[in-house]
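In order, the protein sequences belong to chains A and B.
Note that the working numbering has the first sequence beginning at 1, numbered continuously upward.
Note that the working numbering has the second sequence beginning at 1001, numbered continuously upward.
Please note that the accuracy of each hint is not assured.
Calculated cross-link-like contacts (lysine to aspartate or glutamate; reagent style DMTMM-like; alpha-carbon spacing at most 25 Å) [claimed, not checked]:
#	chain 1	residue 1	chain 2	residue 2
1	A	Lys163	A	Asp245
2	A	Lys163	B	Glu1256
3	B	Lys1234	B	Asp1215
4	B	Lys1074	A	Asp218
5	A	Lys89	B	Asp1125
6	A	Lys197	A	Asp218
7	B	Lys1110	B	Glu1093
8	B	Lys1052	A	Asp245
9	B	Lys1067	A	Asp218
10	A	Lys89	B	Glu1093
Just the calculated beta-carbon pair ranges, DEER-fashion [what the hints assert, rightly or not]:
#	chain 1	residue 1	chain 2	residue 2	range
11	B	Thr1220	A	Ser164	28 to 38 Å
12	B	Glu1068	A	Asn173	18 to 28 Å
13	A	Ser29	B	Trp1113	39 to 49 Å
14	A	Leu27	B	Gly1133	30 to 40 Å
Reference listing, derived: stretches of chain B covered by chain A, where coverage requires no fewer than 3 residues with Cβ under 8 Å from a Cβ of chain A [said to hold, decoys possible]:
#	stretch
15	1027-1033
16	1048-1060
17	1075-1086
18	1202-1209
To be clear, the hints were calculated from the coordinates, so they are not data collected in a lab.
Ideal Cβ positions, reconstructed from N, Cα and C, are used throughout, including at glycine.
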Amino acid sequence: MIGGAWYPIFLREMLLFRRQLLRISYLFSAMLIPIIYLLTFGLGLGRMVQIQGADYLSYLIPGLVALTSMMNSYTWVANALNLNRLYFKNFQVFIQAPIQPSAIMIGEVLAGMVKGLFASGLILIVGFITSRNVSVTPLFVPTLLLNCFLFSSLGVITGMITKSHEDTATYNNFFILPMAFFCGTFFPVDRIPEPLKALVWVLPLTHTNVLIRENSLDAGVMISLAVLCLYAITFFLIGSRLIRDYSE
Amino acid sequence: MIEVTGLTKQYGNIRALDNLSFSVRRGRVFGLLGPNGAGKTTTIKILTTLSKPDGGRALIAGHDVVKESIAVKKLMGVMPQENNLDRELTAYENLLIYSMLHGVPDREAKIRWCLQLVDLWARRDELLMRFSGGMQRRLLIARALLTEPSVLFLDEPSIGLDPQIRRQVWDIIRKTRIEGRTVVITTHYIEEAEALCDHVGILDKGALIALDTPDNLKATVGEYIVEFVNDEGKLIQQMCKDREEANNLVLCTDCEVRIRRTNLEDVFIKLTGERIE
């Protein structure tokens, strides 16, 4: 039973996701913020800016893909879990099923990854349409997968510890939003004032933004990879533990 | 089949369960009766592994609900008080996911059987958001039976149902009992407890204040109740051990009186001085 016990949880999310996709509001909300950023910073401000000798759009779009993967993986999992646990009570069906907590975790995280990858794919398509210089590096796809895994796991943690739906927005404002702006999505981290730099290098999205734009495996890249892996494993284990210890 | 010993549960300053003990034999229907907030749902949550007790122990078929929760989950079916079906999935999809979670063999046939049992097979491909409340309650009971559980937990099974649907749900529960399953029902409907349960435990403020068959419990207050309104306009209920005593009481009273048989609410009133609400 344990081997594929995650699958019904994943399948449930996919059945719901399939119906969400039929609603225009879903696609709109998944893409709204990155598209606004693309229009404002990329097509507006970006026409006047060059970064590392290249046009700004070719720098910005991989960052927007990383940002989108973070926001969608995290937000959909955190919101869904919070609502399912506190309001719809669907989560209790999983807890009462004869499966291991890790199976619930895997199912939720994989579903979050699919949502994150889907929205990222849409942004990438928009990126290819708006800029001819966007390149997909060899590390692009593995980094994206790792980022989605990491933030889906974080979404599970938030979904499990929040006491109300409003709490989810608080975590969003304090952790996700600052990462979106300061972690190398819109400008290189080395332009950040020195006192803040150390803090920014601790945050996972910074390392995703490093990896997603890199072509080769040097020491810096390996460190970023290790940091992301460490975050991913830690968040996954914490999420699994929270599910295991669930009690009403 | 079920052994509960000294179960306690505290939520902040509120003692939801206070040293609760009872046992249920295999194949019996056991009812937990009490007002809202008495601890019925908390008991069900602990027995169905959703909540961990602060003290005491509960065993189902010899398995500890905390330490051997997976083994317990394999034995039980649960109909929760709150509707936790997926409203954006169809009836069929809801049961499909549930059957996969519980490793039900021969899924297609079982789902068909369950949906036919509650007269929902024809509407299997409709989204639940289009189902009435009664249809969703029926689907919840079908889902609880999908795994053919040894123990069935029904938390307020007929809450919010119209009388006709309630009768249908009762028939399903009776059928389940005939099939040899152990059933635990929580309810605050007197007639439901009397109609379905072999044994009834009366809960008040987290404590079990009485436990016996419905007939034996009613016998503690007498067979008949004489009701009349006194000079101050207050409803008086006089418990009588038999019809003769009730008749004699009527002869002594010159106001309008009503004689009726006792029910479990009278037992509750005798024990607590309050009505079940």
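Here's how the hints hold up against the structure:
{"no.": "1", "hint": "A:Lys163 to A:Asp245", "result": "16 Å, holds"}
{"no.": "2", "hint": "A:Lys163 to B:Glu1256", "result": "55 Å, violated"}
{"no.": "3", "hint": "B:Lys1234 to B:Asp1215", "result": "29 Å, violated"}
{"no.": "4", "hint": "B:Lys1074 to A:Asp218", "result": "51 Å, violated"}
{"no.": "5", "hint": "A:Lys89 to B:Asp1125", "result": "22 Å, holds"}
{"no.": "6", "hint": "A:Lys197 to A:Asp218", "result": "21 Å, holds"}
{"no.": "7", "hint": "B:Lys1110 to B:Glu1093", "result": "13 Å, holds"}
{"no.": "8", "hint": "B:Lys1052 to A:Asp245", "result": "9 Å, holds"}
{"no.": "9", "hint": "B:Lys1067 to A:Asp218", "result": "48 Å, violated"}
{"no.": "10", "hint": "A:Lys89 to B:Glu1093", "result": "17 Å, holds"}
{"no.": "11", "hint": "B:Thr1220 to A:Ser164: 28 to 38 Å", "result": "45 Å, violated"}
{"no.": "12", "hint": "B:Glu1068 to A:Asn173: 18 to 28 Å", "result": "42 Å, violated"}
{"no.": "13", "hint": "A:Ser29 to B:Trp1113: 39 to 49 Å", "result": "40 Å, holds"}
{"no.": "14", "hint": "A:Leu27 to B:Gly1133: 30 to 40 Å", "result": "32 Å, holds"}
{"no.": "15", "hint": "1027-1033", "result": "violated (count 0)"}
{"no.": "16", "hint": "1048-1060", "result": "holds (count 5)"}
{"no.": "17", "hint": "1075-1086", "result": "holds (count 8)"}
{"no.": "18", "hint": "1202-1209", "result": "violated (count 0)"}
Violated hints, in rising order: 2, 3, 4, 9, 11, 12, 15 and 18; the structure is consistent with all others.
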